[in-house]
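Participant: As a plain string of letters, each chain reads:
Number of protein chains: 2
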Amino acid sequence: MLILNSHVLAHLAILAPGLLGASVAKAARARNAARSITIWARRPETRDALRAQPFADTIADTPADAVRDADLVVLAAPVEKIIELAVQIAPALKPGAIVTDVGSVKARICRECAAAMPPHALFIGSHPMAGSAKSGWENADASLFENCTTFVMQPENELQVSAFAFALKVASVCDFWDSLGATPVIVTPSQHDEIVAHISHLPQALATTLAALLAKKNPEWRDYAGNGLRDTTRIAASDATMWVDIFQQNRDDILRALDACQAELAAFRDALEKNDLPQLRARLETGKQFRDAL
Amino acid sequence: MLILNSHVLAHLAILAPGLLGASVAKAARARNAARSITIWARRPETRDALRAQPFADTIADTPADAVRDADLVVLAAPVEKIIELAVQIAPALKPGAIVTDVGSVKARICRECAAAMPPHALFIGSHPMAGSAKSGWENADASLFENCTTFVMQPENELQVSAFAFALKVASVCDFWDSLGATPVIVTPSQHDEIVAHISHLPQALATTLAALLAKKNPEWRDYAGNGLRDTTRIAASDATMWVDIFQQNRDDILRALDACQAELAAFRDALEKNDLPQLRARLETGKQFRDAL
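Respectively, the protein sequence lines represent chains A and B.
Every letter in the first sequence is one number past the one before it in my numbering, and letter 108, counting from 1, is 108.
Every letter in the second sequence is one number past the one before it in my numbering, and letter 41, counting from 1, is 41.
Warning: the hint list may mix true and false statements.
[What the hints assert, rightly or not] Below 25 angstroms or equal to it, Euclidean Cα-Cα: the simulated DSS-like pairs (lysine-lysine) are:
no., chain 1, residue 1, chain 2, residue 2
1, B, K274, A, K216
2, B, K94, A, K81
3, A, K274, B, K216
4, B, K81, A, K274
5, A, K134, A, K81
6, A, K94, A, K169
7, B, K134, B, K94
Hints in this document: simulated from the structure, not taken from any laboratory.
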């Protein structure tokens with residue numbers, strides 16, 4: 001956890017806002033965290049609707065127009081569109097501009113977006129661990145990032161870049177998230193992808209698998225569900241399209257997490273089959289200790 | 001779902017009350033669902049403490065004393081103590097008495113408790129799908145059973161018993177749970193054990209396995225947990241001793257549920273490894289449909 005105090009208000013541009021992007025705008029407005037807020041949305045109808053919103057000062061007609069004066073650009077598009085947007089805005093970025101994003105997978109995005117930047121601008125990926133069952137800018141929430149872990153990417157190899165200058169820019173991005181109420185955490189993209197494979201993508205795979213298994217059973221069983229099943233499967237209700245993209249983008253790390261989980265589950269089954277009660281108890285107690293400490 | 005209207009107030013005895021047993025007493029008192037409530041607890045200190053509670057009319061010193069006048073006896077002990085209690089009270093039961101329980105595994109309990117009954121009394125197992133992170137009679141809650149699915153056991157083979165007389169008694173037990181606000185559901189013990197293996201015990205095994213896997217990782221990762229991980233692992237915080245008993249008692253059904261789940265998880269992994277996006281999407285959408293319908 002890193003909290004900086006030297007926050008400087010910036011001209012902020014937010015591109016392709018959905019729930020997260022519009023929540024960044026609302027939170028920045030509510031907390032006076034930006035000097036101005038410019039938004040570009042892909043669909044003309046969305047741009048028209050956004051013109052009436054108090055969290056936008058300017059609605060731009062193109063991504064390039066949106067970023068021209070921006071100190072900080074937030075690419076809020078779905079994971080598979082972020083790189084494309086970075087390439088599109090690169091020629092319009094002003095000297096010293098920082099570009100970040102809110103995508104939930106980082107290694108490929110950071111590599112390709114960094115490569116797309118002009119020499120006078122930097123891409124520093126972000127991932128706020130926020131979300132909601134709802135999506136779309138209409139459901140944006142100014143308090144979405146309060147106490148929310150937000151990963152900010154440091155370079156994989158510090159020798160590749162001017163370490164000191166880069167560190168200052170990473171600190172600025174941390175500072176921005178801090179100003180929205182979030183808790184910034186600095187990691188490398190590969191650390192990030194390993195962490196979220198375990199604490200976010202693996203839980204999604206398990207919730208989906210359990211729900212998909214039960215979907216094959218007698219539909220009456222659904223009426224009998226207690227809170228345990230409701231909690232354990234809650235995230236199975238998430239948007240399928242978004243998750244296909246995430247699974248695909250973080251495939252290797254998720255496969256490794258799934259392998260480890262399958263081995264754990266097989267060991268649990270084995271202990272039960274052999275009636276190895278000390279082993280079964282040890283697993284239950286380890287799980288309980290972990291959950292109690294969350 | 002079956003709701004009867006012909007409720008007749010009964011002399012109620014509750015043996016070995018923890019959270020569930022004392023909640024039965026509180027709910028019965030609050031809803032005037034029993035003519036009198038007699039309680040027996042194993043520890044003398046608990047009996048003393050219960051004497052001061054408005055939900056008990058009489059505190060008995062022995063299980064036999066507790067059940068002598070009872071129309072309905074609720075054995076609220078942990079799963080592995082229920083059969084022992086049934087054997088102990090059998091000689092003291094009055095003609096027409098019904099004995100039930102609140103254990104979360106049913107086949108063995110129903111078989112052995114039925115065998116322990118005298119000819120003039122019947123054992124009809126129950127399982128309210130209620131619970132709480134808290135345990136102990138001090139945490140009892142009169143509203144614990146409101147809208148709570150409560151399984152009531154019909155015999156496996158109706159020819160073995162006088163079907164009509166038995167059906168009336170099953171209806172009385174359903175009626176009692178209904179009077180506490182619960183939703184009774186009639187199933188056989190083997191159906192029950194298959195259902196709960198899937199909708200309760202398998203989710204517990206998965207939550208425990210995920211939590212036990214993450215317990216091996218960098219402790220800092222815990223600070224990054226979002227609501228998805230919190231929800232998915234919530235029941236991993238349950239009491240380990242209780243769950244060792246449940247896993248042991250419902251071993252065969254849980255092993256079958258685990259096998260089915262491992263096969264689903266392997267198929268998910270396979271789809272991801274092969275980049276079979278339609279298959280991955282189909283699994284996510286099936287899971288979402290199931291969860292949305294809960």
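Participant: Each of the hints needs a verdict: does it hold here or not?
Facilitator: Status of the hints after comparison with the structure:
no.	hint	result
1	B:K274 x A:K216	holds, 24 angstroms
2	B:K94 x A:K81	violated, 74 angstroms
3	A:K274 x B:K216	holds, 24 angstroms
4	B:K81 x A:K274	holds, 23 angstroms
5	A:K134 x A:K81	holds, 20 angstroms
6	A:K94 x A:K169	holds, 15 angstroms
7	B:K134 x B:K94	violated, 35 angstroms
Violated hints for the displayed structure, listed by number in ascending order: 2, 7.
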